[in-house]
Structures are given as structure tokens and as C-alpha cells.
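Protein chains: 2
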Amino acid sequence: MERNLLFTMSYDGSAYHGWQVQENALTVQAVFQGAWQAVTGRREDLKACSRTDTGVHAREFCVSVKTESKVSPERFPAALNRHLPEDIAVKSCKEMPFDFHARYSCKGKEYCYEIWNHPVRDPFLRGRALHYWYSLEEELLDRAAKGYLGSHDFSSFCTLDRREKGDLTRTVTKAQVRRQGNMVVFTVAADGFLYNMVRIMVGTLLRVQQGKIRAEEIPEIIEAKDRRRAGPTAPACGLYLNRVFYE
Amino acid sequence: MERNLLFTMSYDGSAYHGWQVQENALTVQAVFQGAWQAVTGRREDLKACSRTDTGVHAREFCVSVKTESKVSPERFPAALNRHLPEDIAVKSCKEMPFDFHARYSCKGKEYCYEIWNHPVRDPFLRGRALHYWYSLEEELLDRAAKGYLGSHDFSSFCTLDRREKGDLTRTVTKAQVRRQGNMVVFTVAADGFLYNMVRIMVGTLLRVQQGKIRAEEIPEIIEAKDRRRAGPTAPACGLYLNRVFYE
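For the record, the sequence lines run as chains A and B.
Mapping of the first sequence onto my numbering: residues 7 to 253, in sequence order.
Mapping of the second sequence onto my numbering: residues 7 to 253, in sequence order.
Because the hints were derived from the structure by calculation, they are not lab data.
Bear in mind the structure is a predicted one, so any value in this text is a computation, not a measurement.
One should not assume that every hint holds.
Just so you know, same-sequence chains aren't split out, so a pair can sit in one copy or run between any two.
Stated by the list, open to error - No more than 20 Å apart at the CA atoms, straight line, and that leaves these computed lysine to any residue pairs for SDA-like:
(1) K100 <-> P125
(2) K100 <-> S75
(3) K97 <-> S141
(4) K180 <-> R235
(5) K97 <-> P238
(6) K72 <-> G47
(7) K97 <-> Y138
Please model the entire structure based on the sequences and the hints provided.
Below is the structure:
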């Protein structure tokens, strides 16, 4: 009998060209598909909560699969982990209603962007955080980040490509900047994200720090619906998909 | 005029065959020597606080160099970091008395051994911690670790090879096990360490957890001066040189 299973996993994206299968590039999906086949003997359609870009990490990433495999949800994570490399881990598995879909059932997501703010880099954060030399003022950045809150057309914060169709309105429910020692973290939650949206939000916050954009100016930049008004796209290495919300 | 400079650095040892230059293997010293030559144009004798093994990490590692280079101590770290890979960082530089030697002047060191204690591995700790599935009791391990304290001949906790000559007595001044969430950390400080000493101490603590050695038995194992009485050598990945003490 076919069941619909939801897997949560986490991965260090440093070595991967994101989630989605591509020709001639190593992706998390391709590796997961290989482990899936090793465990179940089947090649099945994996529904993921999102694509992630090259070098982006996931502390929580969700995949749903309809399968006739008889492996129990309790045993599935360990069975898959035996066939996955050390930079990918399946954390849990549970059975879901048949109409559940990791992407379409998703109500929202939370991302973190981590910035190591110290004159000297941290060797243990290679590929895991943006290294920013000059002092960041977290209160200033937090004040600016509040400008992202609410429902807006985020065209100014989107790299336009074939992927983005239709309405570019998204509702941001959390946007904050906090410091933990030398690490400055931007956390943002929304019902959905446009292509490169978080990284452009970060690039814009760094422009605020540099005095090139005023903290109060973010609503105007959103209003302009013009990508050129926002800051540059920050590097992928600091970005983590942190939580995925359902129901 | 020749000065004697002390550099502190940190590195992720995953990619390296330890500090010391070897033929046909990438070592931190070889990479540092390359950066040094790029900055100063010289090839000089680097005195390091210790060797570290393949895959061992350093949060603090000290190197002294006698040099006629005129680069100021304030500018040296950034100058070297520009020529070092991202998994190695020079943190500071200061001028020392001419008789200072990073190894011979060292009064002691502190190591940490980090164990990720959870049924599911953490992809972000690949090569950075030992993954231990079964539940660890940190109070039991801490009690056992106290048996390492004091001045003893640590022959039972030493892989004998050409490196170890003379007196195998070392004085352990700190030995504790603490839990921070899913991470269990063994911290040990001593005036010096024998080859593989910390890793054998950890392997022995894991035997205590497994009920194969009693927590109270460690002084007897030390007393036996017999490597076969102690536990196995734990993997290198969890080991961090944490602090180096001078004066």
C-alpha cells in the first residue's frame, strides 16, 4: 500500500549545487535519490519544500515521497543515513495524509543569514558564514530590517529569471538582527520567498551599515519595485534554511 | 635587526596531515611557510608549540619565528591571512624576548575533545566531532576523568614510538566532562602531553560508559603503566588544541 512520507533533513550545502537535480553538477537531491534507491530499490518522485542555491545550507529541509516501500518511519532515517555522506543527515520521518506535499502544503519558512563580524576570519566557519571585517551595529540593522515586515511586492528584492512567475507579493512575519558574540544573525520568516530574496535583503542591510542607504529607506525601496534600488546579492555561504512551517 | 615574533593562529585540521612538514603530505606548517615566504620573501625556521596529528584542530596554536622582516606586529596577521587558505587564520602577533621559544617556553596546554551525542549525526560537525550514538552520562564520565588529575607516569596513555623519550611523567591540572546540549566535551590541561594521550584518555572514558572499565579504575590503569589496560585511541576529528600557556 502506498504511503506518503515526510522526511526532515539537514545538510551543509558547501559541496553541493543546491537541492535540485542538474546535469553535470552534484546536488543534494541526486545524492538523496541515490540513498533512497539503495534503501528501497525504487526511484521515486521527491517533493521538496524548496530549491536551495549552490552553497546554501539547511538546518531543516523537508521532502515528501509517495512510496510502497515497507520500511517503517522509525527505521527510515538510520537506513538512509547509512547511505548518505556525512554532510547530509535525515533527522526524522513520519507518515502524512495522502494529499500532503512538501512544497504546496508549506505555509512558510524561516531563513537565517549568519555574518562573522571580526577583523580575523574564523577557520571553522569557512563556507558557513559571511566574513565581514568592519564593525556592524546590530541595533541599526535591526531597525532597518523591520522595514521588511508586512505584505509587499518584493520585486526590488528578487533576481528575475524564468523561475519567478505571477504575483511577487510575499508576507514577511519576522525580520530581526541579533548579535551573539562576533556573530551577527539576520532572521527572516515569510509565507514564501522570491529567488535570492534573503540574500538581497542582507546585501541591502550591509548598504545601510555602510551609510549608502538610510535605515528608514527600506519601505521606499520596496515601493519602487526596482531591483536596482536594493543592495547587492550577499554570498550564499551565510544562508541557512532554518525552519519549514506546515498546517 | 632580528626580532623574535610570537604568532597565535587557529585552524581546521580536517584537510591537513597535522602541523609538521612531511614529504608528500599537506601540512599546516608547509602552508604557513608558503604564506610567510610570500609576505617576507624569506624562508625561516618556525618554532611551534606542538605537533598536531592528522585531522586534529587548533583553536589556539603558537608559532615563534626569529626574523629580520620589518613588517610590524600589527600588520602581520592580515598580511599572512591574505596568503593563507580559509581554514587557517593568524589571530595575533607580538614581539617576545629573544630567548622565547614557542615549544620550550610553553608551560602547559589545554585540549578539548568534542563528542556529538545524538542518534542522528550533525552535518555541520563532519570532521569536527566524534559522533556517538548511545547516551553518554556526563556525571559518570566527569567522575572517571578526575582520576587523570595529578602527576603520573602516563605510559598507559601513550602510543609508544620514536617520539617519546625519557620521562613519561606529566602533571594533569584539569580534567572534566561537561554537556552543552547534545555536545559532550572532555577538557584536559597539563604541563605536557604524550603522543595520543588525550585520544587514549577519551577512548578510556568511552569504555567506562560502556561498563567495561569502572569509573574508579583509572588510577589503577595509570599505575599499571601498560597501554593495553587503557581504552582504544579515539578518532582525531574530535580533538582541539584549545589553549597554550606561557610564563
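(message) Of all the hints numbered above, which does this structure not satisfy? Sort the numbers upward.
(response) 4 and 5
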